[in-house]
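Enquirer: Taken in order, these protein sequences are the chains called A and B. Sequential numbering of the first sequence, starting at 0, is according to numbering that gives the first Met the number 0. Sequential numbering of the second sequence, starting at 0, is according to numbering that gives the first Met the number 0.
Incorrect hints may appear among the rest.
If several chains are the same, the list does not tell them apart, and a pair holds so long as it fits within one copy or across any two.
Derived BS3-like pairs (lysine-lysine); straight-line CA-CA distance at most 30 Å [as the list claims (entries may be wrong)]:
#1 Lys382 to Lys56
#2 Lys16 to Lys56
#3 Lys16 to Lys49
#4 Lys443 to Lys49
#5 Lys382 to Lys443
#6 Lys16 to Lys382
Think of the hints as simulated: they come from the structure by calculation, not from any bench.
Each chain, letter by letter, is given below.
There are 2 protein chains.
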Amino acid sequence: MLRAWDTNFQPDFASGKAIYLQIGELIAGEIRRGRLLPGTALPGTRELAKQLGVNRKTAVLAYEELLAQGWLESQHTRGTFVSSRLPESTPAAFAPAAAGQAEQPGFRWQNLLEPDLAAPVLPGALVFNDGTPDARLAPIPPLASAYRRVLQGRGRRNQLGYDSPLGSLPLREALSRMLNQDRGLSTTPAGICLTRGTQMALYLTARLLIQPGDVVAVENPGYPPAWQTFRLLGAQLAPVAVDAEGLCVDELEQLCRRRPVRALYLTPHHQFPTTVTLKAARRVQLLALAARYGVAIIEDDYDHEFHYQHQPMLPLASADTHGVVLYIGSLSKLIAPALRVGYVTGPLEFVTALGRLRALVDRQGDTILEQAVAELIEEGEIKRHARRAHAAYHARRDALADGLRRLPGNQLDFVLPAGGLALWVEFRADVNVERLAEELRLRKVVITPGSRYYVGEPAANAVRLGYAALTPEELAHGVAQLGAVLRQLRS
Amino acid sequence: MLRAWDTNFQPDFASGKAIYLQIGELIAGEIRRGRLLPGTALPGTRELAKQLGVNRKTAVLAYEELLAQGWLESQHTRGTFVSSRLPESTPAAFAPAAAGQAEQPGFRWQNLLEPDLAAPVLPGALVFNDGTPDARLAPIPPLASAYRRVLQGRGRRNQLGYDSPLGSLPLREALSRMLNQDRGLSTTPAGICLTRGTQMALYLTARLLIQPGDVVAVENPGYPPAWQTFRLLGAQLAPVAVDAEGLCVDELEQLCRRRPVRALYLTPHHQFPTTVTLKAARRVQLLALAARYGVAIIEDDYDHEFHYQHQPMLPLASADTHGVVLYIGSLSKLIAPALRVGYVTGPLEFVTALGRLRALVDRQGDTILEQAVAELIEEGEIKRHARRAHAAYHARRDALADGLRRLPGNQLDFVLPAGGLALWVEFRADVNVERLAEELRLRKVVITPGSRYYVGEPAANAVRLGYAALTPEELAHGVAQLGAVLRQLRS
Numbered sequence: 000m001l002r003a004w005d006t007n008f009q010p011d012f013a014s015g016k017a018i019y020l021q022i023g024e025l026i027a028g029e030i031r032r033g034r035l036l037p038g039t040a041l042p043g044t045r046e047l048a049k050q051l052g053v054n055r056k057t058a059v060l061a062y063e064e065l066l067a068q069g070w071l072e073s074q075h076t077r078g079t080f081v082s083s084r085l086p087e088s089t090p091a092a093f094a095p096a097a098a099g100q101a102e103q104p105g106f107r108w109q110n111l112l113e114p115d116l117a118a119p120v121l122p123g124a125l126v127f128n129d130g131t132p133d134a135r136l137a138p139i140p141p142l143a144s145a146y147r148r149v150l151q152g153r154g155r156r157n158q159l160g161y162d163s164p165l166g167s168l169p170l171r172e173a174l175s176r177m178l179n180q181d182r183g184l185s186t187t188p189a190g191i192c193l194t195r196g197t198q199m200a201l202y203l204t205a206r207l208l209i210q211p212g213d214v215v216a217v218e219n220p221g222y223p224p225a226w227q228t229f230r231l232l233g234a235q236l237a238p239v240a241v242d243a244e245g246l247c248v249d250e251l252e253q254l255c256r257r258r259p260v261r262a263l264y265l266t267p268h269h270q271f272p273t274t275v276t277l278k279a280a281r282r283v284q285l286l287a288l289a290a291r292y293g294v295a296i297i298e299d300d301y302d303h304e305f306h307y308q309h310q311p312m313l314p315l316a317s318a319d320t321h322g323v324v325l326y327i328g329s330l331s332k333l334i335a336p337a338l339r340v341g342y343v344t345g346p347l348e349f350v351t352a353l354g355r356l357r358a359l360v361d362r363q364g365d366t367i368l369e370q371a372v373a374e375l376i377e378e379g380e381i382k383r384h385a386r387r388a389h390a391a392y393h394a395r396r397d398a399l400a401d402g403l404r405r406l407p408g409n410q411l412d413f414v415l416p417a418g419g420l421a422l423w424v425e426f427r428a429d430v431n432v433e434r435l436a437e438e439l440r441l442r443k444v445v446i447t448p449g450s451r452y453y454v455g456e457p458a459a460n461a462v463r464l465g466y467a468a469l470t471p472e473e474l475a476h477g478v479a480q481l482g483a484v485l486r487q488l489r490s
Numbered sequence: 000m001l002r003a004w005d006t007n008f009q010p011d012f013a014s015g016k017a018i019y020l021q022i023g024e025l026i027a028g029e030i031r032r033g034r035l036l037p038g039t040a041l042p043g044t045r046e047l048a049k050q051l052g053v054n055r056k057t058a059v060l061a062y063e064e065l066l067a068q069g070w071l072e073s074q075h076t077r078g079t080f081v082s083s084r085l086p087e088s089t090p091a092a093f094a095p096a097a098a099g100q101a102e103q104p105g106f107r108w109q110n111l112l113e114p115d116l117a118a119p120v121l122p123g124a125l126v127f128n129d130g131t132p133d134a135r136l137a138p139i140p141p142l143a144s145a146y147r148r149v150l151q152g153r154g155r156r157n158q159l160g161y162d163s164p165l166g167s168l169p170l171r172e173a174l175s176r177m178l179n180q181d182r183g184l185s186t187t188p189a190g191i192c193l194t195r196g197t198q199m200a201l202y203l204t205a206r207l208l209i210q211p212g213d214v215v216a217v218e219n220p221g222y223p224p225a226w227q228t229f230r231l232l233g234a235q236l237a238p239v240a241v242d243a244e245g246l247c248v249d250e251l252e253q254l255c256r257r258r259p260v261r262a263l264y265l266t267p268h269h270q271f272p273t274t275v276t277l278k279a280a281r282r283v284q285l286l287a288l289a290a291r292y293g294v295a296i297i298e299d300d301y302d303h304e305f306h307y308q309h310q311p312m313l314p315l316a317s318a319d320t321h322g323v324v325l326y327i328g329s330l331s332k333l334i335a336p337a338l339r340v341g342y343v344t345g346p347l348e349f350v351t352a353l354g355r356l357r358a359l360v361d362r363q364g365d366t367i368l369e370q371a372v373a374e375l376i377e378e379g380e381i382k383r384h385a386r387r388a389h390a391a392y393h394a395r396r397d398a399l400a401d402g403l404r405r406l407p408g409n410q411l412d413f414v415l416p417a418g419g420l421a422l423w424v425e426f427r428a429d430v431n432v433e434r435l436a437e438e439l440r441l442r443k444v445v446i447t448p449g450s451r452y453y454v455g456e457p458a459a460n461a462v463r464l465g466y467a468a469l470t471p472e473e474l475a476h477g478v479a480q481l482g483a484v485l486r487q488l489r490s
């Protein structure tokens, strides 16, 4: 029996925590600190209540809680004891541990991810990003209204439950119609797997295709987040050059002759980062090559809608008669980066497996958002917004191009891209682009040197300037700063 | 020069598609079908316009489009020709391909995912799920209102742009406060990685921890979606038995002595599927063991809030002084399954790497939803909803338990769980649970035989009956059907 149990317990009525729980934490704390040892007898509830100045029912509740959690044990006729099966000294749960969040893991692991080494962006800086849309143009009111309608839709509450890992059917139906009508595909809703955006579409596709050691051909220059994904999955990257007509398919063919190529990752519409469109002859040649060698083509059509000079070229997937193309698209560029809806379509058997994989990576999508987006597509709101955004981005492209052309000194050159959200600007050999970027950073203007888009030695002294997220005034300011630094570098 | 170009071209003014594009598709189609061969000279624009009955500007636009896309080539003084660099016969893009979506991939790949072999659920069936909440109770109006406020928040449009891969800061801050206050953790917002729900939290954590061949200990019986995830990553599963006090830690210790164990996946609060709570003594022993052998404990606290008899036991993570626990939680069970917000917290270095991995799997979360949920937490709305849901689920648990106890024949037994959203019901040895499930399925009542939660031979003849998503009336109907089938099996 515990006799002189010296405690300074003061019930804290202001805390809102039940008194019996406060007593429970007190006793568990005493056990953890080793002041009450395993096997120690505790006072009866009547005595405890008297000792602590609480009523008896409170003491009973406290013991019941501690018994239920295993801190105490009750021996039928003898009374209540600190559990004899608690190891003696180590701390355990009940009251909060005093320790802060650990810095280093106490378990063995291997960190395989490369840290992000980008220089910090100064607050208020103007960023030429790598070609993302302007979140300020997002169609907020129609989106908010569609969201509310879906959320409050009567008799459809089950939409808040679990759904197909392929994504909600209304959006797959709307997308399928859109892809078949506007992009020459022949999809069915069952042949589309929705994802949280391009990056997840890419990850899932690659995860299903790639085994460690597989060769994956990529455009050089190209899109580093895709490379990181392939490398994470154990792929060996085989860079293939890009020229003024897009990917050099002859070079890919030589590679295929030498060794098995599992997949080719491609941005044929507005090549990332050079903005070049893959020409028709190369498309025909590429599809035949992929069919012959059994290479999966991952076609990332990331900004299909934004094409200014001609009708957008139809995707490779529209001419895929051999089932070799896995087509990845996204609505994020069309609505807002934060609204992440992407998709993959391709051979049915593959898409079905993608759904199963997706269930393990991310059980299902956001069905409410997906249904809201389906409504926006059906109502034509997405197309109306695309037209407005299209006009804005077209004007911004021209504003940036004009500004750059007017800079004195002939230090840069570019081909006006037929579409997309960025310019690929090549600098004269005597301009040190890394230094240019650093000087601009100090002036609160961010550009990314083109070298980061190359596997190995860069073939061009270039920069990719995303213009879509900047207003004409912001673009003018950015160009002025660029001009000032170029002048400074000349002198 | 093309002379007699026999075409039946009829401009379709009703289609809404520009006439020059219709001409472009016509010519590209002729090239694809081999009726216009590479190198063939085309009529001049004036002649083409006359032939087709369109004005000359339209003909010029059509040729420009075809030239830009690479179907035609222009030779300065000689005129316009079908590009000589098109391979002769293979189809290519411009007009839609006639083929439907391919069934089988034309590339080499290996499908590593097991197909889902569950029997189809009959329409209108009453489903005892594995313990998911009732989407019909979701707090729709506050959620819709928070969503609208965030979406329309003035001057904060940048929230629609790209965000940290750890997730939006306001929600990490709100969660950190909640975890520290209510669950005894010591988190900081930088030490929390938001995910799309428990499944993604699990996948990312496992992806970072597990190398092919690693041993991962799991509860047996346990949670198959976690096992599938570990197996997909190449892990070897080591099942550890669960008894009335939770995981048998002694058995885990024997395993650790024999071979290196990378991780333990654990549901200590209401063990899945048995609903048993891991007792205090075992918790203390387990934390010491993990620290000694460098085992990461993946603590899946999937229904922390739903505890009826006592205060919820604090998580293992609250007593983790060695940085061995990776704590996974979710708000989906609290709000609605479709609103997927989960999180991982643990040693800072690991959480930082999780953020990098997350960027490759799923660039970022739904920042609008995340901010709306943060508002709901800050306003106390989540707690109010949790109290309401808590009361409903408590009553449903009791309704199901009472109904089962009243069934005649002594064919089943269960321990009333202290919390969670399901009962673990054990049947007498002479009840064939697989047959029970099949008979019920024909009566439009779905239960899942407990055998699917075991690695190897099942140690119990049981069923996990989720009650939370069913009203008392639905539960009564389900129990009546169960009773009828049991009677049928007896006779």
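Enquirer: Each hint: holds or not?
Expert: Structure-based check of each hint:
1. When the C-alpha separation of lysine 382 and lysine 56 is checked against a cutoff of 30 Å, the pair qualifies only between copies, where the shortest distance is 27 Å, while the shortest distance within a copy is 67 Å.
2. Taking CA atoms no more than 30 Å apart as the test, lysine 16 paired with lysine 56 passes inside one copy only; the shortest distance there is 16 Å, against 81 Å between copies.
3. In this assembly of identical chains, lysine 16 and lysine 49 lie within 30 Å of each other by CA distance solely inside one copy; the values are 20 Å within and 89 Å between copies.
4. Taking the shortest Cα distances, lysine 443 and lysine 49 never come within 30 Å of each other, neither inside one copy (69 Å) nor across copies (58 Å).
5. For a Cα distance limit of 30 Å, the shortest separation of lysine 382 from lysine 443 qualifies neither inside one copy, at 35 Å, nor across copies, at 44 Å.
6. Taking identical chains as interchangeable, the C-alpha atoms of lysine 16 and lysine 382 lie at most 30 Å apart only when they sit on different chains, with a minimum of 15 Å there against 55 Å within one chain.
Violated hints, in rising order: 4, 5; the structure is consistent with all others.
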